[in-house]
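> First to last, the sequence lines map onto chains Z and R. Under full-length UniProt numbering, the residues of the first sequence are numbered 1 to 201, in order. Under full-length UniProt numbering, the residues of the second sequence are numbered 1 to 201, in order.
Just so you know, the hints here were simulated from the structure itself, not pulled from any lab data. One or more hints might be untrue.
What the simulated footprint calls covered on chain Z by chain R, stretch by stretch (three residues with Cβ under 8 Å from a Cβ of chain R suffice, anywhere in the stretch; the number is not a length) [unchecked claim]:
#1 36-47
#2 74-85
#3 117-126
#4 158-167
#5 170-177
#6 191-197
Source: prediction; values computed, not measured. Beta carbons: idealized from backbone N, C-alpha and C, even for Gly.
2 protein chains.
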Amino acid sequence: MPVDVPRQVDHKARRDQIAEALLDIVADHGLEAISVRAVAAQAGVSAGRIQHYFANKDELLAYAIEYQDWLVQQRWNEQAWPEGEPTPREALRWVLLETIPRDDRRRREWLVGVAYLIRMLANPKLRALYVDGLPRLYQLLADLVRTAQEAGDIAPDRDPDMEAELLFGLADSQGPPVVLGLRTPEQATAAIDYYLDHLFQ
Amino acid sequence: MPVDVPRQVDHKARRDQIAEALLDIVADHGLEAISVRAVAAQAGVSAGRIQHYFANKDELLAYAIEYQDWLVQQRWNEQAWPEGEPTPREALRWVLLETIPRDDRRRREWLVGVAYLIRMLANPKLRALYVDGLPRLYQLLADLVRTAQEAGDIAPDRDPDMEAELLFGLADSQGPPVVLGLRTPEQATAAIDYYLDHLFQ
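Starting from the given sequences, assemble the full structure and let the hints guide the process.
The structure is reproduced here in structure tokens:
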């Protein structure tokens with residue numbers, strides 16, 4: 001039934017519009033500001049419209065964080081490199097800079113991640129998003145270090161898993177000072193470049 | 001009027017009891033679970049008692065995070081070293097392990113810090129707690145690295161401010177995996193010891 005296809009797309013677009021509104025509120029005011037009424041007002045739709053798409057607040061919260069994950073994934077998939085494949089160093093730098101809240105979009109992502117954390121502990125569905133994602137990120141960083149080691153660009157005595165932790169830690173710990181305006185995104189980037197300069201020989 | 005002294009102490013004890021209840025709720029359910037009624041139930045007092053001590057929810061939230069900071073400060077002040085002054089390495093390790101949510105007390109502190117972060121952005125009084133504390137922590141770590149360098153225990157080509165960032169980042173980034181049960185406190189401690197082994201020569 002080809003008529004179903006546009007209707008499906010339309011449903012997704014409406015749900016995404018509601019998720020956008022929710023993510024904006026969460027980043028500015030935290031999860032405690034979320035209600036059907038507040039999200040409806042921010043999205044410019046009726047509360048009934050939201051209740052049509054989401055049975056309850058938990059469903060709405062779960063959809064919004066999955067939508068955010070999808071947005072991030074889209075950005076990763078669409079990243080184009082001017083000269084074919086990136087070097088391990090370029091790829092590492094790109095991944096680390098993605099985690100820094102250096103513009104409005106990434107700032108919202110970072111704050112939403114922080115806001116959801118406590119709720120993830122008690123909610124298995126939300127928790128799975130984090131529990132699946134974090135080890136994969138560590139693995140990606142360790143693999144890039146290993147590839148650079150095999151090419152002779154990183155000294156063989158470095159431990160790839162340990163370097164992955166350090167690199168993630170360095171990037172992750174820039175979040176609070178950048179969000180609070182204690183440090184600029186440029187200073188956070190310089191710290192990452194400083195470490196990469198020492199890691200790559 | 002000596003009669004005032006116990007009365008003052010009593011007021012602080014009652015406020016602290018209410019703050020304890022609030023911090024327990026925040027660590028388990030986030031700021032969105034906070035209401036006068038919920039805190040009263042957790043503390044085992046009447047809602048009227050809470051309203052007697054705190055004019056509104058913002059005052060209660062501000063008192064509770066200041067009370068938590070005071071608890072942390074007490075622990076730092078009371079830390080005793082078996083053989084007089086600690087070495088820079090011992091002091092560094094102690095500070096870094098304090099930031100890891102490795103037991104119930106530190107887990108609550110860590111989760112409360114996460115829960116308050118978004119509210120700090122909009123609330124100047126709460127924001128000041130973070131904005132004052134973070135640079136002092138970086139400074140403390142950098143000073144310890146510098147002292148160890150002067151004693152010849154860390155190579156002179158290491159940059160103390162950069163090392164402070166790396167050390168804080170390594171400790172700070174252990175929080176989410178430890179809280180989510182992806183990594184044990186022992187593994188987080190091992191990562192810190194691994195890095196200290198390489199930093200100290």
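> Look at each hint and say if it fits the structure.
So, going through the hints one by one against the coordinates:
| no. | hint | verdict |
| --- | --- | --- |
| 1 | 36-47 | violated (count 0) |
| 2 | 74-85 | violated (count 0) |
| 3 | 117-126 | holds (count 6) |
| 4 | 158-167 | holds (count 4) |
| 5 | 170-177 | holds (count 7) |
| 6 | 191-197 | holds (count 3) |
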